[in-house]
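Assemble the complex: chain A is given as a structure, and chain B must be docked to it using the hints.
Residue-level listing of the chains:
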Amino acid sequence: MAQKEYAGKMIELDDNGYFKSPDVWSREIAAEMAKENGEELTEKHFEVLEFIRNKVKEGQSLTIRSIEKSGITDIKGFYKLFPGAPLKKATLYAGVSKPSSCV
Amino acid sequence: MAEEVKHPLKKVLMICAKGSLEDVLATLVMANGAVMEGIETKVFFTFFGLDGITKKRMNKLHTATVGNPAMRMPGGLPFPTWLGSIPGVEAGVSAMMKKQIDDLDIPKIDEFLEMIDAGGGEIYACKLAVDMFKLKKEDLADEVKDIITIGEFYEMADGLQTQIIFT
Numbered sequence: 852m853a854q855k856e857y858a859g860k861m862i863e864l865d866d867n868g869y870f871k872s873p874d875v876w877s878r879e880i881a882a883e884m885a886k887e888n889g890e891e892l893t894e895k896h897f898e899v900l901e902f903i904r905n906k907v908k909e910g911q912s913l914t915i916r917s918i919e920k921s922g923i924t925d926i927k928g929f930y931k932l933f934p935g936a937p938l939k940k941a942t943l944y945a946g947v948s949k950p951s952s953c954v
Numbered sequence: 281m282a283e284e285v286k287h288p289l290k291k292v293l294m295i296c297a298k299g300s301l302e303d304v305l306a307t308l309v310m311a312n313g314a315v316m317e318g319i320e321t322k323v324f325f326t327f328f329g330l331d332g333i334t335k336k337r338m339n340k341l342h343t344a345t346v347g348n349p350a351m352r353m354p355g356g357l358p359f360p361t362w363l364g365s366i367p368g369v370e371a372g373v374s375a376m377m378k379k380q381i382d383d384l385d386i387p388k389i390d391e392f393l394e395m396i397d398a399g400g401g402e403i404y405a406c407k408l409a410v411d412m413f414k415l416k417k418e419d420l421a422d423e424v425k426d427i428i429t430i431g432e433f434y435e436m437a438d439g440l441q442t443q444i445i446f447t
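In order, the protein sequence lines correspond to chains A and B.
Residues in the first sequence are numbered from 852 upward in steps of one, following my numbering.
Residues in the second sequence are numbered from 281 upward in steps of one, following my numbering.
For reference, chain A alone in the conformation it holds in the complex:
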C-alpha cells in the first residue's frame, strides 16, 4: 500500500496515486501537492477543488462540462488553472479518486 506524507500527515494512496479516503484532505495538503509540481494554488483553485469534493460526496459523476456548469470558471480557465490534464490533476489535488468519466 502506497503512502505519502503531505503537510505532516501520512496519506494512503491507491494504485493510481489518488487518495484512498477523501476525509483526510485539507487545503494545506492540496497546496503541498501542487507545490511538488511547481504550482501555486489560488482561491480560484480552491473553489474548484471544493466544488469537486462536494460533487463527489453527493455521488455525482464528474465531467469537464460539469466544472463549466458550476460557474466557477469556463473550460479555458479550467485548463489554465490546472495545466495539462485538468480533470485528473484537479481531482488529485481535491483528494478524491480518479475520475471515471470520458467527457
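None of these hints come from the bench; they were simulated from the model.
In this text, a Cβ means the ideal position worked out from N, Cα and C, and glycines have one as well.
Wrong hints could be hidden among the right ones.
Now the stretches of chain A that chain B is said to cover, found in silico as 3 or more residues with beta-carbon under 8 Å [said to hold, decoys possible]:
id : region
1  : 859-869
2  : 872-884
3  : 937-947
Just a few of them, taken from the derived set where beta-carbon distance is under 8 Å, the chain B residues facing chain A [as the list claims (entries may be wrong)]:
id : residue
4  : Val309
5  : Asn312
6  : Gly313
7  : Glu317
8  : Met338
9  : Pro360
10 : Asp385
11 : Ile386
12 : Pro387
13 : Met395
14 : Ala398
15 : Gly399
16 : Gly400
Chain B alone, transformed into the frame defined by chain A:
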C-alpha cells in the same frame, strides 16, 4: 530482466470522414478525451464528416436507421431495415439518441467543438472536401482553425509518440 520502458502518447491526429451523429461524436469524444489527458490533439474533417463542423448542419446530425445492422428497437429486438425507411423514423430515432447522449452529459456538437478548442485541441477542414461541397470558411464552425490539404495534415504528425486515428 530489463524494465519495460513506456512511451506515452504525446500527440494524436484524428480523421473523421463520416457524418452520422455517432461517427462525429465518436471522433469528438476521443479528441476531447485526448485533450483532457494533456495530449496534443488535431482533428481533420473530410467528406461527409464535414457536416460535423458545418454551422448549418452540425447540430442536426442523424443516426442512420437504414443499413445499420447494429440498430435495435428499445428493448433489444432487431430493427428491420424497412422500418427505418418510413418517413420520420430516422428523425425519431435520432432525437432519442440525442436525448440519451445528453443524459450522459455529452455535449452537443457545437459545444463539443468549443470544449476541444478551449483545451487547446485544433480542428481542421479538408480542402478537397470543402471545394467539393462548395463550402466557404464562414460556413464552418468558428473553431475550425484552417482549411488544409491532407499533406499538410500529415506534416503535423511529426515527432515521436504520435498516432493517427481514422474513425
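Taking the hints in turn, this is what the structure says about them:
no. : hint    : verdict
1   : 859-869 : violated (count 0)
2   : 872-884 : violated (count 0)
3   : 937-947 : holds (count 3)
4   : Val309  : holds (6 Å)
5   : Asn312  : holds (6 Å)
6   : Gly313  : holds (6 Å)
7   : Glu317  : holds (5 Å)
8   : Met338  : violated (17 Å)
9   : Pro360  : violated (32 Å)
10  : Asp385  : holds (5 Å)
11  : Ile386  : holds (5 Å)
12  : Pro387  : holds (6 Å)
13  : Met395  : holds (5 Å)
14  : Ala398  : holds (4 Å)
15  : Gly399  : holds (5 Å)
16  : Gly400  : holds (7 Å)
Checked against the numbered hints above, the structure breaks hints 1, 2, 8, 9 and satisfies the rest.
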